[in-house]
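Sequences listed follow chains A and B, in order.
The first sequence runs 0 to 279 under numbering that gives the first Met the number 0.
The second sequence runs 0 to 313 under numbering that gives the first Met the number 0.
The set of hints was computed from the structure by calculation and includes no laboratory data.
Check the hints yourself; a few may be wrong.
With a Cα cut of at most 27 Å, we get these calculated DSSO-like pairs of lysine-lysine [to be verified]:
1. B/LYS115 <-> A/LYS237
2. A/LYS82 <-> B/LYS277
3. A/LYS263 <-> A/LYS39
4. A/LYS82 <-> B/LYS249
5. A/LYS104 <-> B/LYS141
6. B/LYS145 <-> B/LYS255
7. B/LYS236 <-> A/LYS237
8. A/LYS56 <-> A/LYS100
9. A/LYS113 <-> A/LYS93
10. A/LYS263 <-> A/LYS34
11. B/LYS236 <-> A/LYS93
12. A/LYS87 <-> B/LYS281
13. B/LYS141 <-> B/LYS249
14. A/LYS93 <-> B/LYS277
15. B/LYS297 <-> B/LYS277
16. B/LYS145 <-> A/LYS82
Simulated coverage check for chain B against chain A, where a stretch passes if three residues somewhere in it have a Cβ under 8 Å from a Cβ of chain A [what the hints assert, rightly or not]:
17. 101-107
18. 165-175
Keep in mind that this is a model prediction, so the values were computed, not measured.
We put the CB at the ideal spot given by N, CA and C, even for glycine.
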Amino acid sequence: MAWFHKSKEIAAKPESPKKEDIWIQCPSCKAHIYKDEWEKNLKVCDRCCFHERLTWKERVDVLLDEGSFVELNAKVSWNDPLKFSDSKGPYAEKAVENCEKTGMKESVATGAGKINGIKVAIAIMDFRFMGGSLASGTGEKILQTAMYAVKHKLPYIILSASGGARMHEGIISLMQMPKTCAALAQLREANLPYISIMTDPTTGGVSASFAMVGDIHIAEPRSLIGFAGRRVIEETIKQKLPEDFQTAEYLVDHGFVDMIVHRKDMKDMLSKILKYAGCR
Amino acid sequence: MSLDFEKDVAEIESRIEEFKAKNPEPTGTLVKELNRLEMERAGKLKEIYASLTPWQTVQVARHPERPLIRDFIGGLCSEFIELHGDRLFGDDQGMIGGFATIDNHRVMLIGHQKGKDLDEKIKCNFGQACPEGYRKALRLMKLAEKFHIPVVTFIDTPGAFPGRDAEERGQAEAIARNLLEMAALKTPVIAVVTGEGGSGGAIGIGVGDIVLMLSNAVYSVISPEGCASILWRDGTKAAEAANALKITAKSLLQLKIIDEIIPEPVGGAHRDFATTMKTTKKVLLKHLSSLEKVSSRKLTSRRFEKFAAMGRFK
Chain A
0 MAWFHKSKEI AAKPESPKKE DIWIQCPSCK AHIYKDEWEK NLKVCDRCCF
50 HERLTWKERV DVLLDEGSFV ELNAKVSWND PLKFSDSKGP YAEKAVENCE
100 KTGMKESVAT GAGKINGIKV AIAIMDFRFM GGSLASGTGE KILQTAMYAV
150 KHKLPYIILS ASGGARMHEG IISLMQMPKT CAALAQLREA NLPYISIMTD
200 PTTGGVSASF AMVGDIHIAE PRSLIGFAGR RVIEETIKQK LPEDFQTAEY
250 LVDHGFVDMI VHRKDMKDML SKILKYAGCR
Chain B
0 MSLDFEKDVA EIESRIEEFK AKNPEPTGTL VKELNRLEME RAGKLKEIYA
50 SLTPWQTVQV ARHPERPLIR DFIGGLCSEF IELHGDRLFG DDQGMIGGFA
100 TIDNHRVMLI GHQKGKDLDE KIKCNFGQAC PEGYRKALRL MKLAEKFHIP
150 VVTFIDTPGA FPGRDAEERG QAEAIARNLL EMAALKTPVI AVVTGEGGSG
200 GAIGIGVGDI VLMLSNAVYS VISPEGCASI LWRDGTKAAE AANALKITAK
250 SLLQLKIIDE IIPEPVGGAH RDFATTMKTT KKVLLKHLSS LEKVSSRKLT
300 SRRFEKFAAM GRFK
């Protein structure tokens, strides 16, 4: 039988590159899209407008002028103040795995850059690092960047992508909510603009802190934005929730988001708004 | 009502009841026997409460007879003038507040209300405030700022209400707004965690210059049950999660999240309201007196530094 299998294997070996190398399937509408087109379209499905989650580096490429980004607070990393362990083992191991997987030390990258020539301070959350969860290192970087903005009189832009506070750092994670908001209060005191961009997902302790106190709230289409999880709410009220519950569109309808902006238009919209805020 | 880890005490208590029923007017050696039983009960209670596990502490913090905000108002204040409504939507009974006088201090007192009986609990949503509750709290805090009186908040909530209406009216925004405004509030803020400090619902009124905690209160980013069902994939592992999350007053003092523990009487606050009120009042008055001397500029900069330092390592 061995020779038969072998020959079949050889026969099945494709001459051309694998299908997956040429196209991908939209995770939402399942439409097939040429990979080149998908990348060119900034990982947005042109049929259903599904916006794929981006890494922080991809965000830098999409939003900031080429070569303008300078990373700040790069040394700030995750911490394990509780020496936390759960059924899957120590948090420290999980955190190290996430560092290796993402090349990051925490769930946010921060720095300064230019948007169509306008200098900004920016924090970009990355969902790949422990679900973008808010923990001590995250809060510290967001605070330090706010202070940098105050010092250099820059507008501040935060892109959120987070499931909420990180349980593994317990109460310390919870305290990053007042901590980041206290930093934003300093920014307000200095009369500097703060634009919050909510991407998929922006929930829990992140939506209930820095993401929701922007001067301007912008969301990417169809992003999940909310406080409590859908399942928890359904269990609490014993009702099925509408399909569009907690979507960016739903939040616009209820008055909590100023506008929904397609990824390809985000950079230009930001620079337009920043000009109204007197930035140049 | 006794908790499951108190069954030894309950057993002695039933012996005491039995003894009293048999000897309605004890004399001589019978008095001695009764005293011995009372001593045994007190000793057992002390022994149990000296080494509560975090999960047992959660049971005490949630005890149905634990003093609630109305008890604290009654026990601490010579006057309370309740103020209602957020001026935007409604009046949330899950969060109450108003002018209060504690000794010679006029303050704005705000806190979660869980409710005593079922009717009241339903009206208060079991202490789970809605956006209008957080917005009422903020309105009262801004009023306190305007009138130059300190804010005292009492935290006792399983969490902010996870409901459809609450989401639609911006639960996240309401809490977030409070965090930002409290950080900048130009008047002293003292927060007291009296029972359950449930996550965002707790911190939404918890940004204090001084944060106090009753010795059997708990304060956590998520309920132990919630954490267990996510990280252990098993809701029954709540005791383990409670351990890992470091939610007791003692742990939080070590982590520098709270400033002082208000000791409860032996056997928990629910066993002795009078002593609980006396101790709470004493600690509150001490901090009120010292905070009232600090300029508002210094207060806000100290408050900023305090929260900025949380979770800053090396």
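Going through the hints against the structure:
1. B/LYS115 <-> A/LYS237: holds (24 Å)
2. A/LYS82 <-> B/LYS277: violated (37 Å)
3. A/LYS263 <-> A/LYS39: holds (10 Å)
4. A/LYS82 <-> B/LYS249: holds (16 Å)
5. A/LYS104 <-> B/LYS141: violated (39 Å)
6. B/LYS145 <-> B/LYS255: violated (30 Å)
7. B/LYS236 <-> A/LYS237: holds (25 Å)
8. A/LYS56 <-> A/LYS100: holds (14 Å)
9. A/LYS113 <-> A/LYS93: Distance of about 34 Å is beyond 27 Å: violated.
10. A/LYS263 <-> A/LYS34: Holds. A/LYS263 to A/LYS34 sits at ~17 Å (cutoff 27 Å).
11. B/LYS236 <-> A/LYS93: holds (20 Å)
12. A/LYS87 <-> B/LYS281: Violated - the C-alpha atoms of B/LYS281 and A/LYS87 are around 45 Å apart, more than 27 Å.
13. B/LYS141 <-> B/LYS249: violated (32 Å)
14. A/LYS93 <-> B/LYS277: violated (46 Å)
15. B/LYS297 <-> B/LYS277: violated (30 Å)
16. B/LYS145 <-> A/LYS82: The hint is violated at about 44 Å.
17. 101-107: violated (count 0)
18. 165-175: holds (count 10)
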